[in-house]
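Residues per chain are reported as follows:
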Amino acid sequence: MSAAEPRSGAAPVAPIGSGLVLPGRRLDFPALDPLPLDCGASLGPFTIAYQTYGSLNADKSNAILVCHALTGDQFVAETHPVTGKPGWWEHFVGPGLTLDTNRYFIICVNVLGGCMGTTGPANTNPETGQPWGLTFPVITVGDMVRAQLRVIDHLGIESLFCVIGGSMGGMQVLQWAAAYPQRVFSAVPIACAARHSAQNIAFHEVGRQAIMADPEWCQGEYQREGKRPERGLSVARMAAHITYLSEAALHRKFGRSLQDRDRVSYGFDADFQVESYLRHQGSTFVERFDANSYLYITRAMDYFDLAAEHGGALVNAFRGTKTRFCLTSFTSDWLFPTAESRALVHALNAAAANVSFVEIETDKGHDAFLLDEPEFFATVSGFLNGCAEHRGLPTPPKP
Amino acid sequence: MNVVNVSATRPRGAIRVDLQLIADMVTDGSRVLDVGCGDGQLLDWLVHNKDVDGRGIEWSQAGVNACVRQGLSVIQGDAETDLRDYPSEAFDYVILSQTLQATFDPKTVLGEVVRIGRRAIVSFPNFGVWHIRLLLLATGKMPVTDSLDSAWYETPNIHLCTITDFVELCDDLGIVIEQAMVLDGRGRPRNLRAPGFLANLLGEQGLFVVKRR
Numbered sequence: 512m513s514a515a516e517p518r519s520g521a522a523p524v525a526p527i528g529s530g531l532v533l534p535g536r537r538l539d540f541p542a543l544d545p546l547p548l549d550c551g552a553s554l555g556p557f558t559i560a561y562q563t564y565g566s567l568n569a570d571k572s573n574a575i576l577v578c579h580a581l582t583g584d585q586f587v588a589e590t591h592p593v594t595g596k597p598g599w600w601e602h603f604v605g606p607g608l609t610l611d612t613n614r615y616f617i618i619c620v621n622v623l624g625g626c627m628g629t630t631g632p633a634n635t636n637p638e639t640g641q642p643w644g645l646t647f648p649v650i651t652v653g654d655m656v657r658a659q660l661r662v663i664d665h666l667g668i669e670s671l672f673c674v675i676g677g678s679m680g681g682m683q684v685l686q687w688a689a690a691y692p693q694r695v696f697s698a699v700p701i702a703c704a705a706r707h708s709a710q711n712i713a714f715h716e717v718g719r720q721a722i723m724a725d726p727e728w729c730q731g732e733y734q735r736e737g738k739r740p741e742r743g744l745s746v747a748r749m750a751a752h753i754t755y756l757s758e759a760a761l762h763r764k765f766g767r768s769l770q771d772r773d774r775v776s777y778g779f780d781a782d783f784q785v786e787s788y789l790r791h792q793g794s795t796f797v798e799r800f801d802a803n804s805y806l807y808i809t810r811a812m813d814y815f816d817l818a819a820e821h822g823g824a825l826v827n828a829f830r831g832t833k834t835r836f837c838l839t840s841f842t843s844d845w846l847f848p849t850a851e852s853r854a855l856v857h858a859l860n861a862a863a864a865n866v867s868f869v870e871i872e873t874d875k876g877h878d879a880f881l882l883d884e885p886e887f888f889a890t891v892s893g894f895l896n897g898c899a900e901h902r903g904l905p906t907p908p909k910p
Numbered sequence: 092m093n094v095v096n097v098s099a100t101r102p103r104g105a106i107r108v109d110l111q112l113i114a115d116m117v118t119d120g121s122r123v124l125d126v127g128c129g130d131g132q133l134l135d136w137l138v139h140n141k142d143v144d145g146r147g148i149e150w151s152q153a154g155v156n157a158c159v160r161q162g163l164s165v166i167q168g169d170a171e172t173d174l175r176d177y178p179s180e181a182f183d184y185v186i187l188s189q190t191l192q193a194t195f196d197p198k199t200v201l202g203e204v205v206r207i208g209r210r211a212i213v214s215f216p217n218f219g220v221w222h223i224r225l226l227l228l229a230t231g232k233m234p235v236t237d238s239l240d241s242a243w244y245e246t247p248n249i250h251l252c253t254i255t256d257f258v259e260l261c262d263d264l265g266i267v268i269e270q271a272m273v274l275d276g277r278g279r280p281r282n283l284r285a286p287g288f289l290a291n292l293l294g295e296q297g298l299f300v301v302k303r304r
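Protein chains in written order, with the working numbering: chain A, 512 to 910; chain B, 92 to 304.
Isolated chain B (complex conformation) (with noise of 0.2 Å):
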């Protein structure tokens, strides 16, 4: 039988800046899932151009449509009742890509992701940023930024955090920090030592490579 994987012959094209970055942490042909995966841009390219084992995860119905019709393996589901069916480190890693914050106890989300693999790429809004803090200070109402664009009432984002929470957490945790950055507005990386009292200040997003002690 001639077996052969001939999806790294067509790679795909470039990404969200943000998301490349993610991409480019993952090892070439290493086991993936990327939970909330969207409309499976990620996943499609690390399958394509980094010729991983990817799975996703996807609460929208027309995310994972579209996933599955490209012919990515992806199943309708949410990260807090669907993890817990996986084997401690069936990945190599898990992808938490701008997630967390809208999941309602991101604190098991958390635990669970560093459980099922070995190392969690997790990405989410800084709250802390100076203008999301000087917005709430000049108006005393919850901010609408760029990327943070829906009012209080509306929007996914019910479990908001700063960097230097999400530092506070991990160490709850036990999780170990293998890598941080902070990115800008556009989703580039901010030569900042990170995490830090600047890089929660200026930081628009926080990209945190974790692992289990």
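Extracted from the complex, chain A is given alone in its bound form (with noise of 0.2 Å):
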């Protein structure tokens, strides 16, 4: 082996919740072969830690890539290490389950930037020997998507049988769609859109910024200090939750019902259950988060806009592409809307691309592709077995 390719087998580490060992994979690419970046610089050493469920089969052309969102992590389908609770997407990966690991070998990296074991701003810096912090490299989704290559190159696969992903996971699909067209055969972007909206950045920003009202931030040096922003990252997520749900979610599961009491307390307790539900969110949220990965992951979700990197036009993302696309969206989803959907199915219209085009009807807003929605399950794995067809992937055995 010589000195620029990865190292892999050991355990990958979180760099919160003091240095646990996580289950999964681990890739440590050494400093000869750095990971260039869209700001410019480039960065290495660095180490991805990915998770996989299945089995690849002998000609390698089984793999699933399941691109996590903002806030999730590579354990897809399994009891998260650190929090204990179920893996995020449980109900949709396993074994004869909609990402059916009897059939088909499925990938989540953790994203460059994150902190469940890829190299983000709460590692060390080898070259201060002191946390990264905020002299980390702005990353893009390109950068995320450059650095699974990398994964994917080093377990030899050619071509994905298919890249998935919801929000910012359906944002790497579309990137790799556009980047790799060749290495990706199916590709299901969910609730996404092709750039983040004005209205997107503004809540991105105002998380940023209550993490940064934080006084525990110390200027991003929070580690050096010994101490975590997490009442700002409570707040930022408290407020990122919203958008992740929808009004009539919110009705239907709180209304105006009280918490523990049976009137208001006049004071600014949490006497309203909606509010004791997003300080619990916020609170648990910070167990698992590293308050500098949540900025710098959404900065890059802020920078994405694959028009804008193809000449302004989305259809320059998809000439000639022969990826098989199926595109979901969801009724109640404010967060990425069907028009942004939409919008992405007319440029690939436009380039005579192969694509299907799903909206479900659901009052779950954006979340609801993390939920247990039929309709959306039975519309992927119809969408999937198609695919198998025409690469010609055996039916899996019945159980």
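If you're looking for bench data, these hints aren't it; they were derived computationally from the structure. It cannot be assumed that every hint is accurate.
To be verified - Mimicking DSBU-like on lysine-lysine, the simulated pairs with C-alpha atoms at most 30 Å apart in a straight line are:
{"no.": "1", "chain 1": "B", "residue 1": "Lys141", "chain 2": "A", "residue 2": "Lys833"}
{"no.": "2", "chain 1": "A", "residue 1": "Lys833", "chain 2": "A", "residue 2": "Lys596"}
{"no.": "3", "chain 1": "B", "residue 1": "Lys302", "chain 2": "B", "residue 2": "Lys141"}
{"no.": "4", "chain 1": "A", "residue 1": "Lys833", "chain 2": "B", "residue 2": "Lys302"}
To be verified - Computed from the model, here is a short list of chain B residues facing chain A with C-beta under 10 Å:
{"no.": "5", "residue": "Asn140"}
{"no.": "6", "residue": "Asp144"}
{"no.": "7", "residue": "Gln152"}
{"no.": "8", "residue": "Ser164"}
{"no.": "9", "residue": "Gly168"}
{"no.": "10", "residue": "Tyr177"}
{"no.": "11", "residue": "Asp275"}
{"no.": "12", "residue": "Gly276"}
{"no.": "13", "residue": "Gly278"}
{"no.": "14", "residue": "Pro280"}
{"no.": "15", "residue": "Leu283"}
{"no.": "16", "residue": "Val300"}
Backbone N, C-alpha and C define an ideal beta-carbon position, used for all residues, glycine too.
Build the complex from these two chains, which are given one at a time in their own frames, with help from the hints.
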């Protein structure tokens, strides 16, 4: 093995939670093989943590890359090593499920800039021996995908059967399809857009400012100071969480119900159930997520604009593509509304691409892609079955 | 990488007679867009029996979901707004089966299908058939028949035409009729010279293969 090749085998380590050893796999890329970034810098050495489910077939034609969303990670279909909660897509990925692990080999990579084992701002900068913090280079969705490509190359997979993901995961799917069309047989971008809208950038900015306004953030050097900006990160999560739901879903779940009391307290406790719920969302989030990672990853989403990267016309991103696309949106999603998916469909049609598009009726908002939506599952399984037929993948053994 | 197309090894059974007529007009292995593909019956047959690269556009969400669930490439959209995105001659055939009369702007839609397809296959109910003429004359009310079974205020068929009307529109748009036939009430071809006076009087449906001049 030459000094420029990645080393694999060791378990990934989370930079948060005092260096917790994580399940899954890890690839260490040496300084001789740095990752060039869109910002002009290059990152090296660096580490990528990923997890796999199922097994790769002999001709390596059954691999599905799952791209996780902003606050997701590689623990798609197993108990989370930090929170002890079920995997974020556990009812979607597994034996006999939509992404059937008896049939497909599932790969999920912790994104660059993340905090579950892949190099991010919470890791140590080998040059200084100090945490990167805000000296970590600003990364983009394109950089995340370039890092994932290193894993796919390492596994020797010439062409991924499918790249699938929702929200920021969907942006990565689009980036894959645009940048490496010959390596993506099918693409399933869910509840996403070809660019981050002004409103979405605005929400991200609120979150970032909440983190930066927390005195414990210490200008990004909280690790050195032995502190954590938990209040700021928690507020960022609370604000963002509202955008993942819908007015109807919030009303259905909570209405104006009070939390453990019969009347309002004429104070600023969590009188309402919805307040208590949001506070809980915020406080559990800070246990598993790094505040600086949140800054970097939201920034990557803000910068995403596929048309701008292709001379201002989205169709240019997909010209001549042979990839089979299936887009899905949800009626009550106001973060990535159906119009965004439709704009993508129009661009794909203009490129005469092979595309399916389904809008799912639900009141669950943006988060619907993470929840039990039978119509959505049926759409993705049907699409994948059609693709598998075209690729000549054998049907899975009946249980 | 072993990429094979096994779809042709699993042919589908019989489909509706009038759809079968359309299917028979499509060349093996061609690129096909079915506008208003419904639950995908014709598209599915073409993909599995003629190995076409098939796509569909369907307005109803239930129809789209049913199509995508069975592995067909179908988008939710309509002929009015979603045809203009496609590049010219993107398809060998664009199929407009029983859809033209339900569009807001049949003239534009017809122009678009012959632009994006090298050929278009168009079928529609013939409002000039003798018993419809007779019904209107006898009752003085909008005819309701087996195939046009909704009252005037709730029918999706807002731009009904006769075979002669369709031929005139093709002339206006500089569209060449390559093949024309009329079908009976069960969707079977009738042995009549089409287009023509008798075809317009006796045909329940018109079925045309057209292209740009």
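Hints, verified against the model:
For the given pair, Lys141 of chain B sits about 20 Å from Lys833 of chain A by alpha-carbon distance, which is consistent with the 30 Å threshold. With a C-alpha separation of about 39 Å, the suggested pairing of Lys833 of chain A with Lys596 of chain A is violated against the 30 Å cut-off. Restraint check for Lys302 of chain B and Lys141 of chain B: satisfied, since their Cα atoms lie roughly 22 Å apart, inside the 30 Å limit. A C-alpha spacing of about 27 Å is found between Lys833 of chain A and Lys302 of chain B, which places the hinted pair at or below 30 Å, so the restraint holds.
Look at Asn140 of chain B: its Cβ only gets to about 14 Å from chain A, farther than 10 Å, so that hint breaks. With a least beta-carbon distance of about 7 Å to chain A, the hint placing Asp144 of chain B at the interface is held under the 10 Å criterion. The criterion of a C-beta within 10 Å of any C-beta in chain A is met by Gln152 of chain B, whose closest approach is roughly 7 Å, and the hint holds. Proximity of Ser164 of chain B to chain A holds as hinted, the smallest CB-CB distance being about 5 Å (cut-off 10 Å).
The criterion of a C-beta within 10 Å of any C-beta in chain A is met by Gly168 of chain B, whose closest approach is roughly 7 Å, and the hint holds. For Tyr177 of chain B, the interface hint holds, since its Cβ comes within 10 Å of a Cβ in chain A; the closest pair sits about 5 Å apart. With 10 Å as the threshold, the beta carbon of Asp275 of chain B stays out of range of chain A, its nearest partner Cβ sitting at about 35 Å, so the hint is violated. Using the Cβ-Cβ criterion of 10 Å, the hint placing Gly276 of chain B at the interface with chain A is not satisfied: the shortest such distance is roughly 34 Å.
Evaluation of the Gly278 of chain B hint against chain A yields a violated restraint, the C-beta minimum of about 28 Å exceeding 10 Å. Interface restraint check: Pro280 of chain B against chain A, minimum CB-CB distance 32 Å, threshold 10 Å, status violated. Given the 10 Å rule on beta carbons, the hint for Leu283 of chain B is violated: about 37 Å separates it from the nearest Cβ of chain A. Against a cut-off of 10 Å between C-beta atoms, the interface hint on Val300 of chain B is violated, since the closest Cβ of chain A lies about 22 Å away.
Violated hints, listed in ascending order, are 2, 5, 11, 12, 13, 14, 15 and 16; each of the other numbered hints is respected by the structure.
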